[in-house]
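Since the structure of chain R is provided, determine the placement of chain H with the ligands on it from the hints.
Residue numbers (the working numbering), protein chains in the order written: chain R, 1 to 264; chain H, 1 to 249.
Among the hints, erroneous ones may be present.
[Claimed, not checked] DSBU-like, lysine-lysine: derived pairs with alpha carbons at most 30 Å apart:
| no. | chain 1 | residue 1 | chain 2 | residue 2 |
| --- | --- | --- | --- | --- |
| 1 | H | LYS106 | H | LYS134 |
| 2 | H | LYS224 | H | LYS187 |
| 3 | H | LYS106 | H | LYS187 |
| 4 | R | LYS47 | H | LYS134 |
| 5 | H | LYS106 | R | LYS47 |
| 6 | H | LYS187 | H | LYS134 |
[What the hints assert, rightly or not] From the derived model, a few chain H residues whose C-beta atoms are all more than 10 Å from chain R:
| no. | residue |
| --- | --- |
| 7 | ILE2 |
| 8 | THR26 |
| 9 | PRO53 |
| 10 | LYS134 |
| 11 | PRO245 |
Calculated from the structure, these hints are not laboratory results. From a predicted model like this one, the values you see are computed outputs, not experimental measurements. Glycine included, every Cβ here is placed at the ideal spot set by N, Cα and C.
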Amino acid sequence: MNRGPTATLLRPVESLGRASLDVVESLGRFGFFLGEAAVWTFIPPFKVLQLLQRIHFVGFRSLSVIILTGAFTGMVLGLQVFLTLSRFGSEAFLGPAVALSLIRELGPVLAALMVTGRAGSALTAEIGIMRITEQIDALTVMALNPMRYLIVPVIVAGLITFPLMTAIFDVVGIYGGFLVGVKLLGLSEGTYFGEMQTFVDMSDIMTGFWKSLSFGVIVTWVCAYKGYHTGHGAEGVSRATTEAVVLSSVLILVWDYFLGSVLP
Amino acid sequence: MIRVENLYKAFGDQRVLQGVTLEVNTGEIMIVIGRSGGGKSVFLRHLLGLLRPDAGRIWVDGVDITGLRGRALDRVRERYGVVFQGGALFDSMTVFDNVAFPLREKKGRRRPGEIRDRAEEKLAQVGLGGAGHKYPDEISGGMRKRAAIARALVTEPEIVFFDEPTTGLDPVLVNAIHHLILDLHQKSRFTAVMVSHEIPEIFEIAQRVAMLHEGVIVEVGEPKVIQESANPVIQQFIRGQIEGPIRVT
Ligand SMILES: Nc1ncnc2c1ncn2[C@@H]1O[C@H](COP(=O)(O)OP(=O)(O)O)[C@@H](O)[C@H]1O
Ligand SMILES: [Mg+2]
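Chain H extracted, bound-state conformation:
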């Protein structure tokens, strides 16, 4: 279980997180929604230990990671898989090498060929069986996202973070990737924290949805609860209305 308590973060005098509190249960898909520039990526980067909060705590299965550094933090990260907003594939490596990379660099002896088999299996699962020899800049945006998902999941992580895995893709691809994530989740039962704007599709795949607005989680609950919420902020957001408490600037 991931527990976030009263997280504060400011860059200069721009206050981004102003007391975020959230719990993510083991094995669930938690989707965080909120405006662009609202601090969702900043929030995720705290869970990854890439940013340090000004105040507040984060526990991952009882381990407080806010004060951790070096080896201790790496031990938590070894359980993570991360799909970054832009994919963050290593552009000097082929797609196959990108997916094999985390396996090659992990300690522990492996039977020869095992790394290749596992990387190829993951590539096939995301539908990139034939594209392993290509470089990231030779494939389409949708393929890059799928390659990033394959790389994040190849180590069979317990906790997977997705930062807008479908933003900028066409509706068919959005659906394909959502099904892919659901499928993989059913197979390996990882805990997922996902940032996404895809309304209404996310209500189909999330166990719970949390809305981040003006630096705090304004509401969190099952998709049905969020969809029927009386909170005007949420109603405006999921309907995409211009008029309402969310100011368009």
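Looking at chain R on its own, in the form it has when it is part of the complex:
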């Protein structure tokens, strides 16, 4: 290889090029992973039992944390929004204000972040351990596709559970706002729920639904991918878990902004 002055000059360019190629390659692998899972979703036999286990894993086990955070989010909203609205003498709009922030924004985002912390990290660790202990290779050499057995059930479970978790978060949150606004601060019950019915549209609910659906894919996709392509040893698994949680959270917020500006 030429090691003349030009080569030395070009070395930074060369390593920059190599780094960009690495990024493009891993992005490609990341996208291809979801595409492959999407294809295997529609090819029978379907792994119903694995899917039910994953729904239990992703959904049911996150339920308590969803209810807890939903309640407190609603209560905080109830308090803060009430105080703000009372400056303009428009406390009557507490109901729709709480409901709209929960349904359009906070419900999908916070529920997704909570499930990421509760189930997403555990998912990455579980799949990562299966990778480093060769359990995924064992599936492969049994001529059983690990995509079908491991990844598809996770992503479909995300599609099913995230909207449900979000709905629960919203309902509990609205009730939390009710507790603070009506029971504590003395707004009338009819006003809280009546104005809510007037101002909350189906389109608001659909916005929240599409968000939660896409967060379901993002979180399970990122967490499954990070586990599937984990590095070596226990350290590799712990790094994969951290990366999965960070990347999921960032993508949730970025995608939330994007959808918020595209959807009505």
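Just chain H with the ligands, lined up with the frame of chain R:
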């Protein structure tokens, strides 16, 4: 017959396989020896289609598997049984479910109860008759290895790969597992490719032994031939000497 020709594999600039050539005859037990970190597992993973070579070819009964993917590769793998280095039992399933799993997932109708009978029979053969209800992390290392052997053999494969099935076990267990493998081999006459360090025990059970060193097979032959080989690499390895052509790093 498995035929490997001029297999090359590097990870980055670490060259692991540098032209491995080996033939394994149908029905024989071929044992591959060589230093830790010498690429034996990497070699096996190529035979399983888990790694793709940089160059070289692998034929399994005349089928070139180096270019195969998807269904075509799976058809070859359906004839395989694999015992991974750490056992690779599914830790979310009991030992019994691990052994029954390959049968349950195989296509084709089975009489009800047949899967249970066959899985129980295999568990009994490896001496785990009473441990089926336990989870992999509730049993000892030796039991895990035996469970992995039962799972690999339950589908009655034609070709079985063992990656260090006895490493880390006490001498009695080593012997027990070797006898188990020999026994099962006598019953079903599978072709076996086995990686092992157990010297001298392997000379009792192998039909042929191959030594992998610095990325190539330096010698292959019947146990007697290998034991009496004039090759200093082999002599040093089977005697465990520190001085010699193998550098201890
Ligand atoms: N997937 C991989 N990526 C990078 N290096 C690897 C990979 N698999 C194995 N190696 C390296 O190849 C060498 C041979 O490993 P291995 O085949 O496991 O040795 P052994 O003969 O003990 O089974 C080791 O130095 C290991 O670090
Ligand atoms: Mg090895």
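Verification of the supplied hints:
no.	hint	verdict
1	H/LYS106 to H/LYS134	24 Å, holds
2	H/LYS224 to H/LYS187	25 Å, holds
3	H/LYS106 to H/LYS187	22 Å, holds
4	R/LYS47 to H/LYS134	24 Å, holds
5	H/LYS106 to R/LYS47	14 Å, holds
6	H/LYS187 to H/LYS134	27 Å, holds
7	ILE2	15 Å, holds
8	THR26	20 Å, holds
9	PRO53	17 Å, holds
10	LYS134	17 Å, holds
11	PRO245	30 Å, holds
Every hint from the earlier list agrees with this structure, and none is contradicted.
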